[in-house]
Amino acid sequence: MINPNEIYQRNQVLTASSEELTLLLYNGAIKFVNQAKLAIEKKDPAKAHSFIMRTQEILTELMLTLNRDYELSNSLFSLYDYLKQRMVEANMTKDIEILKEVEGMIQELKATWVQAMKSVKTL
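If you're matching positions, the sequence shown starts at 81 in this note's numbering and goes up one per residue.
Treat the hints as calculated values from the structure; they're not laboratory data.
Beta carbons: idealized from backbone N, C-alpha and C, even for Gly.
One thing to keep in mind: the hints can contain errors.
As the list claims (entries may be wrong) - Here are the computed distance ranges between Cβ atoms for each label pair:
id, residue 1, residue 2, range
1, Met172, Ile82, 34 to 40 Å
2, Glu100, Glu188, 17 to 23 Å
3, Ile82, Lys180, 19 to 25 Å
4, Asp124, Glu188, 27 to 33 Å
5, Ser153, Gln187, 18 to 24 Å
Generate the whole structure from the sequences, applying the supplied hints.
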C-alpha cells in the first residue's frame, strides 16, 4: 500500500532547493535524536541504535555537501564531525544527556540556517 506521507516527503525532497534540503536534513536529525531519546526511555536499545544511526547518516550527508573552499565550511565540518562522535558515544552508552547536547547544537545550527535563508531572501 502506498503511504501518502512518504509520497509527500519524497516530493518535498525532489522539489527542494539546496538551502531547503539542508533545512530538511536538520529537521530530520532533530526528529531522529528525539526518537532515539524516546526509545532509550522505553528501554528499546535496538530502536535507539537505529535512530542514532540515521542521525549519524544525516550528519555525514551534511559533511559531504559542504563546499570546503570556505573557512566556514571547514568549521562546520569539524562541528558535524564532533556531533557524529558524540552520537557514537550516545549509541555505545545509550546516554540521553549526550543526545540532548547534540539536539541542542543541531537546533542552534538550524536556527542560524533559517536566519541565513531569510537574510538571503531579503537581498
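Evaluated hints:
Checked against the hint of 34 to 40 Å, the C-beta distance between Met172 and Ile82 comes to roughly 38 Å, which is consistent with it. Between Glu100 and Glu188 the beta carbon distance is about 19 Å. The supplied range of 17 to 23 Å therefore holds. A hinted range of 19 to 25 Å is violated for the C-beta pair Ile82 and Lys180, which are about 36 Å apart. A C-beta distance of roughly 28 Å is found between Asp124 and Glu188, which places it inside the suggested range of 27 to 33 Å.
Range check, Ser153 to Gln187: Cβ separation about 20 Å, and the 18 to 24 Å hint holds.
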